[in-house]
Structures are given as structure tokens and as C-alpha cells.
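Participant: In case you want the letters, here they are:
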Amino acid sequence: MSKGVTTKEAFEKLLLWLNPDREKGGEKYEKIRFRLIRIFSCRGCCDAEDLADKAIKVVESRIDWLVENYKGDPALFFYGVAKKIYLETLKTKPTPNTSLLIDDSEIEGKCGCLEKCLNEELTETERQLVLRYHEKEKTEKIQLRKHLATELGISQNALRIRVHHIHARLRPCIEQCLQHLLVY
Amino acid sequence: MALSEHDQTNIRRYLLGNLSEDEHEKIEERLIAEDDLFEELEISKGELIEEYRAGELSQQDRQWFEHHFLASPDGRKRQAFAIAVECLGRLPIHTEPAPQRFTFREKIGAFFMPRWAVATTVSIAAVLVLGVVLLIPRGPQKFVAVNLTSNAITRATGDDQYTRIQVPPDVSELRISLALPQPAAPGTSYRVQLNNRRDLQNLEPSGHDTNSVSVVIPTRQVPPGPYALTLQEIKADGTEQRVPTYYFFIVQ
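Residue numbers (my numbering), protein chains in the order written: chain A, 5 to 188; chain B, 794 to 1045.
Among the clues, some could well be false.
Selected chain A positions facing chain B (in silico; Cβ < 10 Å) [to be verified]:
id	residue
1	Leu-70
2	Leu-118
3	Lys-145
Residues of chain A clear of chain B, computed beta-carbon distances all greater than 10 Å [what the hints assert, rightly or not]:
id	residue
4	Gly-30
5	Leu-40
6	Phe-82
7	His-138
8	Leu-182
Since the hints were made in silico from the structure, they are not lab data.
Ideal Cβ placement from N, Cα and C applies to all residues, glycine included.
Model the full assembly from the supplied sequences, consistent with the hints where possible.
Facilitator: If you want it as C-alpha cells, here you go:
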């Protein structure tokens, strides 16, 4: 990056590099950032957000070169940088703290709050679907879900996608109920 | 790019550390760029957490999962969400006509239906017998006494697995004895909460012995419908432990 170029300028260049429409560039930026965080999480990094931001800073610092020379999907360049950063962290990666396991009973104690989320965030049909989807255990669960998919006239894959979208709507409210348990 | 079954399998293998380094990198390159594959990742995380919690993963997969994804803040949040959803999955699935289903003829007919679980049948029998024996007119204080147990059958979801308690209109108290899954140690006390599916209410136990905890609930607080009683055990050293939940259904 050339001297005198501020971080703000570099950031603006980055957004334009991602898409000539600044708003769409912003959306792509957020999407890449979110996916980098998820990838770092899958690798077990406790500081996934910091690492993703570090990767973005590195890309930002090279934006002038990238604009002139890089060909291809920008997301893949971000990933390449993230991979190198991850390898650096392996040298100093702390042992995962599995003692931070969740206490089931603490969550079950919040059942009233959780149920409130169910009633406030979902329609009645969605509520029934989610409750039935998670009703049984093990082999009974598999049979029940097949049966549910048949009832709804959709494939099992479509059913799991539908339930996933309902979960995504429910998650912020439930995380709010459990926020005292999710402090690091 | 449409997903194949191979993609779904590979996402699982990715989350469980079963890919080669080269495969690992290729799948991450796709995850950063492909919306469908990324969505599959998010779905598979939830499913693997279910399997993890059910003890269905191999020892090796379990360890990898714990030390990688579950060790991250996202993993912890997803695990908490999975536990929350399990808790919700144990709630009764309320259907509007439920109170109307229980006509007198249906209750009697259902009592003799062989397909009902033995524990549930015994629970209903116990309620009817105790309800008749203990419905003694002592002036204004009429009560119904019930023994509740908590086991896999009574905790199963669905109205017809809950203990039915018939409460005549002139009864003012429900006296419930909660059978403990194991004898209580000396010095143990208890906290009880009533969940009516709208809010949680703390109840003061009216007494306890080695094998049970008693609680009295004014009947005006339990109109017809499903309920859950949660019992928190407080040991002499101050540690607490949750006892499995007791479910019942008030019918008129």
C-alpha cells in the first residue's frame, strides 16, 4: 500500500474492489468476513473474529497491488491470507478449554424464556414443526423426520433446510435468554 | 453450484477432521465462495451437535469435535442452542381441541385401552383412587392428592403420556407428592417451580422425606391444561442438581 493512504481510504478501495457498487461491495465484505469467522471457528479458534479481522487488515494493506494485478474471486485471496494467519497461530495456539462445557440444567432453568421465544418469533405452524422435529431421539427421530417430510410433501433435505431457516430466526432470541452462559 | 450427496458427506468429514489437508483446503475455498455449501455447513453443525449430545459419534470424532468446533465461541453458542431446542422439544405440543377430547366416556374407554403405557395407566389409577379416598369433606378445605413420578414414559412428549389429574370444581388444593428418582441424602433441601407454559412460578415445598417431596398448589392456579414441575435439589454442601421434570395435565 502506498504511503499516505489512510486506513479509511484503503477500506473504501477494498469495497470498490469487491464490487463497483459500494453497497454491494459492503455486503460482499460482510459475507466474506462472516465466512472467515466461521472457518476459523471450525478450526477451533477461540478468537475467530480477531483472526478474521487480522486477515482483512492484511488484504486491505495490499489493496493497491490487488486492484492492479489480482485476477479471480477476491474471496479466495482473503482465504489464502486467512490460511497463513491460521498457520501462524498454531505456533502459539493455547490448549482448548473444554472445561467451558455447558451445564444443561442452567439452560433448562430458562425454559420459560425459551418458550417465550418460540411463541414470539415463530408462527404457530413453524412452532409445531420445530417442536415435532425435535420430539424424539435416535432411530425414532429419524423415522419421525421422514414422516414429517412426507406429511409436508417435501424431501427430507428440504425439511432440514426449512427447519434450519426457522432455527436461524429463533437463535437471536434464545441467545438473549442464555447470554449469561455464553460469556468467555 | 448444486450440492451433491458427496458434498454433504464431505462437510461432515470436514467438521470431524476426517479430510486430508488438500481436501480440507479445497472445501474451505468453496465455503468462502458458495452459498449453498456454506448453508450445508451451518445445517450440518446442528446435526452433528445432536449426534454428539446423543453419544452417537465415535470416540475419535467426539474428541476432534470437542477440541475444534465446540471449543470455539460459535460452537459453544450452537451447543447451547441445541440444548435449548431439546428442552423445548420436551414441551407438550398443544392442540386447541385437547380439552374437548376428554369426555367422560373417552376417559373411561381410554383407561381400559391396552395400548396405554403401564406407568401412565398406573398413574391414572393412582389418581382416581387417591382422589376418591382423600376427597373427604372437611368443611371448606377439599383437596386432591396425587403421586407423580418422572420416568422416560411420563417425560415423553404428547398429551396422552402425561399424568391426568381430574380436579372437581369444589376442590381447593392439589397436594402433589413428587417421587424422587433416588433416596435423598441427609441435609438435602429442595426448590420447586411450576411451569404453565406461560411463566415460571416458585413454589415452597410443604415437606419432604427420603423418597419424595410434597408441594401444595391452590387449584385456582392450575386451570385445565398441561403443566411441568421442576425440582432443584440443594445438597448439604450447597451444590445443586436438577431432578428430571414431572409432567401432568389438569382435566375437569
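Participant: Any hints from earlier that this structure breaks? Give me their numbers in increasing order, please.
Facilitator: Going through the list in order, the structure violates hints 1, 5, 6, 7, 8 and respects the others.
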